[in-house]
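Enquirer: So you can see what is in the structure, the chains are spelled out below.
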Amino acid sequence: MLNPDAKLDANLFEKPTMASSREGFGKGVVEAGKADERVVVLSADLSESTQAHHFQKEFPERFVQVGVAEQNLATVAAGMANYGKIPFFTSYATFSPGRNWEQIRTTIALNNVPAVCCGMHAGLLTGPDGATHQALEDLAMMRALPNMIVISPCDSEEGRKAVIAIAKSGKPAYLRFAREKTPVLTTAETPFEIGKAVVFWRSDLQKFGGQTSNKVAIFTTGPLSYLTLHAARELEKESIAVTVINVHTLSPLDTDTIVREASNAGAVVTFEEHQLSGGLGGAVAECLAKNAPLPIEMVGVQNRFGQSGGAKDLIKEYKLDVPDIVAAAKKAISRAKK
Amino acid sequence: MLSEVEIKKLALKANDVRQTIIQMLAEAKSGHTAGPLGMADIFAALYFHVMKHDPKNPDWADRDRLMLSNGHITPVRYAAMAHAGYFPVEECMTLRKFGSRLQGHPERDMLPGVETTSGPLGSGVSQAAGYAYAARLDGKRFRVFCLTSDGEHGEGNTWEGVMFAGKYRLSNLTQIMDRNNIQIDGNTEDIMPLEPLADKYKAFNWHVIEIDGHSMREILDTCHEVESIQDRPTLILAHTTPGKGVEEIENDYRWHGNPPGKGPTDKIPADKQKEVFLQRLAEVRERIENS
Chain C
1 MLNPDAKLDA NLFEKPTMAS SREGFGKGVV EAGKADERVV VLSADLSEST
51 QAHHFQKEFP ERFVQVGVAE QNLATVAAGM ANYGKIPFFT SYATFSPGRN
101 WEQIRTTIAL NNVPAVCCGM HAGLLTGPDG ATHQALEDLA MMRALPNMIV
151 ISPCDSEEGR KAVIAIAKSG KPAYLRFARE KTPVLTTAET PFEIGKAVVF
201 WRSDLQKFGG QTSNKVAIFT TGPLSYLTLH AARELEKESI AVTVINVHTL
251 SPLDTDTIVR EASNAGAVVT FEEHQLSGGL GGAVAECLAK NAPLPIEMVG
301 VQNRFGQSGG AKDLIKEYKL DVPDIVAAAK KAISRAKK
Chain W
1001 MLSEVEIKKL ALKANDVRQT IIQMLAEAKS GHTAGPLGMA DIFAALYFHV
1051 MKHDPKNPDW ADRDRLMLSN GHITPVRYAA MAHAGYFPVE ECMTLRKFGS
1101 RLQGHPERDM LPGVETTSGP LGSGVSQAAG YAYAARLDGK RFRVFCLTSD
1151 GEHGEGNTWE GVMFAGKYRL SNLTQIMDRN NIQIDGNTED IMPLEPLADK
1201 YKAFNWHVIE IDGHSMREIL DTCHEVESIQ DRPTLILAHT TPGKGVEEIE
1251 NDYRWHGNPP GKGPTDKIPA DKQKEVFLQR LAEVRERIEN S
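Read top to bottom, the protein sequences are chains C and W. Quick note on our numbering: the first sequence kicks off at 1 and runs consecutively. Quick note on our numbering: the second sequence kicks off at 1001 and runs consecutively.
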């Protein structure tokens, strides 16, 4: 069942509200701008598709157009942050942090100034744009940087909260957003704290006679997380107890929650719209290999580039669908029993 | 207008800075020699006359900012800062050593007054432009100086920043380019021709002033003149001599990245390099004093 403490939208299965996580950015950054006049937004010629145009409309004097120049985008932001502003610099994730990673490393992370890289159109579901525009490596690139907070919101509402929280943090950060409309799982009441994973689903063990050996913990991140909740429902029907944990912050990783929930379950699945190397799967594996070695099955993009296509086709082709998560859970449980 | 006596004082400061550069590089057994020696006059002018700053209060909010884009010439900055009173000159001898605040390439978090982290080339103009843009938003009056190398104009990021500063008419930004014509692998016009640099900057809507980067009076007059340019950023295109002050190494690109004791030995044997370099600088000092 949905974890009541997470205060998720009760209609998320049957009649979900649909919105993209980038829309959450658009709302959140206007709110952050109202709360703190140090907030500025930079755009590299993609203001509408990054949703930066909402801020532009509200605060034209604090909106900076840099043109098609992602290296300049990051370094101008670094200079502004060094001065004392809180710049959110926006582009597609394949270009920023894709093209300007070294600038981010030196002038933001090592410099330790609070510039926020906002990578839009991350993941597979960028619609028809194709592999050049599908960022599937960005979490790995950014998670490797010291000083860098890395957040991958699961929906529009969480994206909004992440922007507001980061504006208050005073730290370098990467926020990952997606283009596609997906179910909005969280509500205004859902807790959000940087670095704190949230349990979205926890099977009622009473249904299993108080305990069962058929247990799995599913760690998920990003806007396709709704699929893990559908998988949890399916698994419960097959008498498998499930915990779904939304790991919105990949760095710093909530190792306490990951170790606790993985150990309680004894079998682990990770799920992400990202290469398996270096993303959430990699992060959870690093954490558990050290603290609680357990069988892990990773569901994500398996060392391939993306391609043009609609959401349904891509989710199926790249094996990110509900049956893939269900199969991974069963495999992890069977490995745990050996 | 500064008197000849004051100009001479600044030239002597530059000589102090050059001597410290040689001592610290020899001690570190690593680092760049040509660029720092070539920029000593400009750094002396900035730290001892042009910039508003307070060595005892490096975070003073209204200070002028100096962003060094080509971080590898940081020995000249460290030496100038030390002589200006930011920290003891002896600390210069910790350059590039474990535990030192004087990292091989400068780090903002390590040493107050450094302003920004640099080393990877081509990112300074953009950072300085972002800084100047933000300061102007808040109505701040301080100046932002960005020091660049000619070689790093091979980087696309440099030109992106130049275009940005031109578009937004950042008149509070002054770039001083160390036009010394050398880079690691050879002379700039052989590696990747940069000329016509002045025309390129003018085409990007910058005001351009070319100077002799070793004429203290020209440096000072130009920095003063720049304050009257209110509608665009300014490039001071400073023609400098790499290795300035040590005639045996002047204009020799092989001295771009070597410290005394590890450079080419065709003119001076390795074990004599530090001694000879300091001797040459002492001779220069004598000439300044007697001028």
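Treat the hints as calculated values from the structure; they're not laboratory data. None of these values were measured; they are calculated from a predicted model. Think of the CB as a built atom: it goes at the ideal place given N, C-alpha and C, for glycine as much as any other residue. Misleading hints may appear alongside valid ones.
[As the list claims (entries may be wrong)] Pair ranges (Cβ atoms, derived):
1. A1270(W) with S169(C): 45 to 55 Å
2. D1138(W) with Q65(C): 17 to 27 Å
3. A1270(W) with K168(C): 54 to 64 Å
4. K171(C) with K1052(W): 47 to 57 Å
5. I1191(W) with Q65(C): 45 to 55 Å
6. E1286(W) with K168(C): 55 to 65 Å
7. D1231(W) with K316(C): 52 to 62 Å
8. S213(C) with D1109(W): 45 to 55 Å
9. E1286(W) with S169(C): 49 to 59 Å
10. A188(C) with H1224(W): 54 to 64 Å
11. S1228(W) with E189(C): 40 to 50 Å
12. Q65(C) with K1052(W): 25 to 35 Å
13. P146(C) with N1057(W): 25 to 35 Å
14. K1052(W) with P252(C): 33 to 43 Å
[Unchecked claim] Think about it this way: if two alpha-carbon atoms lie no more than 20 Å apart in a straight line, the pair counts; the simulated EDC-like pairs of lysine to aspartate or glutamate are:
15. K34(C) with D1138(W)
16. K1140(W) with D1231(W)
17. K316(C) with E234(C)
18. K27(C) with E234(C)
19. K1056(W) with D1109(W)
20. K1202(W) with D1185(W)
21. K331(C) with E234(C)
22. K171(C) with D1109(W)
23. K1167(W) with D36(C)
24. K1140(W) with E61(C)
25. K1167(W) with E61(C)
26. K1140(W) with E37(C)
27. K34(C) with D9(C)
28. K1008(W) with E1289(W)
29. K1140(W) with D36(C)
30. K1008(W) with E1218(W)
31. K168(C) with E37(C)
32. K207(C) with E234(C)
Enquirer: All hints are to be evaluated individually against the structure, with a verdict given for each.
Expert: Status of each hint after checking the structure:
Against the hinted window of 45 to 55 Å, the Cβ-Cβ separation of A1270(W) and S169(C) comes to about 51 Å, which satisfies the hint. A hinted range of 17 to 27 Å for the beta carbons of D1138(W) and Q65(C) is consistent with their spacing of about 19 Å. For the pair A1270(W) and K168(C), the supplied restraint of 54 to 64 Å holds, since their beta-carbon distance comes to about 56 Å. Taking 47 to 57 Å as the suggested C-beta distance range, the pair K171(C) and K1052(W) does not conform, at roughly 31 Å.
For I1191(W) and Q65(C), the Cβ-Cβ distance of about 33 Å falls outside the hinted range of 45 to 55 Å, so the restraint is violated. Take E1286(W) and K168(C): their Cβ atoms lie about 60 Å apart, and the range 55 to 65 Å holds. Taking 52 to 62 Å as the suggested C-beta distance range, the pair D1231(W) and K316(C) conforms, at roughly 58 Å. S213(C) and D1109(W) have their C-beta atoms about 51 Å apart, which keeps the hinted 45 to 55 Å range intact.
Range check, E1286(W) to S169(C): about 57 Å between beta-carbon atoms, so the 49 to 59 Å window is met. Between A188(C) and H1224(W) the beta carbons are some 57 Å apart, a value that agrees with the proposed interval 54 to 64 Å. Against the hinted window of 40 to 50 Å, the Cβ-Cβ separation of S1228(W) and E189(C) comes to about 59 Å, which falls outside the hint. As the Cβ distance of Q65(C) to K1052(W) is approximately 31 Å, the hint placing it in 25 to 35 Å holds.
Separation of P146(C) from N1057(W) is about 29 Å and conforms to the stated range, judged on CB atoms against 25 to 35 Å. Between K1052(W) and P252(C) the Cβ separation comes to about 40 Å, which falls inside the hinted range of 33 to 43 Å. Taking the CA atoms of K34(C) and D1138(W), the gap is near 17 Å; set against the 20 Å cutoff, the hint holds. The suggested pairing of K1140(W) with D1231(W) holds, with an alpha-carbon distance near 16 Å, which does not exceed 20 Å.
Proposed proximity of K316(C) and E234(C) is supported: the alpha carbons are some 17 Å apart, at most 20 Å. With a C-alpha separation of about 34 Å, the suggested pairing of K27(C) with E234(C) is violated against the 20 Å cut-off. The suggested pairing of K1056(W) with D1109(W) holds, with an alpha-carbon distance near 17 Å, which does not exceed 20 Å. Proposed proximity of K1202(W) and D1185(W) is contradicted: the alpha carbons are some 28 Å apart, above 20 Å.
Note on K331(C) and E234(C): the hinted pairing holds, with a Cα-Cα distance of about 15 Å set against a maximum of 20 Å. A distance of roughly 14 Å separates the Cα atoms of K171(C) and D1109(W); the hinted pair therefore holds under the 20 Å criterion. At roughly 27 Å between alpha-carbon atoms, K1167(W) and D36(C) are farther apart than 20 Å, so this suggested pair is violated. Distance hint between K1140(W) and E61(C) is fulfilled; the C-alpha atoms sit about 16 Å from each other, no more than 20 Å.
Under the criterion of a C-alpha separation no larger than 20 Å, the hint pairing K1167(W) with E61(C) is consistent with the structure, at around 15 Å. Between K1140(W) and E37(C) the alpha-carbon distance is near 16 Å, which keeps this suggested pair within the 20 Å criterion. Straight-line distance between C-alpha atoms of K34(C) and D9(C) comes to about 27 Å, which puts the hinted pair past the 20 Å bound. Distance hint between K1008(W) and E1289(W) is fulfilled; the C-alpha atoms sit about 8 Å from each other, no more than 20 Å.
Between the alpha carbons of K1140(W) and D36(C) the distance comes to roughly 19 Å, so the proposed pair stays at or under 20 Å and holds. For the given pair, K1008(W) sits about 13 Å from E1218(W) by alpha-carbon distance, which is consistent with the 20 Å threshold. Annotation: proposed proximity of K168(C) to E37(C) holds, straight-line Cα distance about 12 Å (limit 20 Å). About 15 Å separates the Cα atoms of K207(C) and E234(C), which keeps this hinted pair within 20 Å; it holds.
The structure fails to meet hints 4, 5, 11, 18, 20, 23, 27 from the earlier list, while all remaining hints are met.
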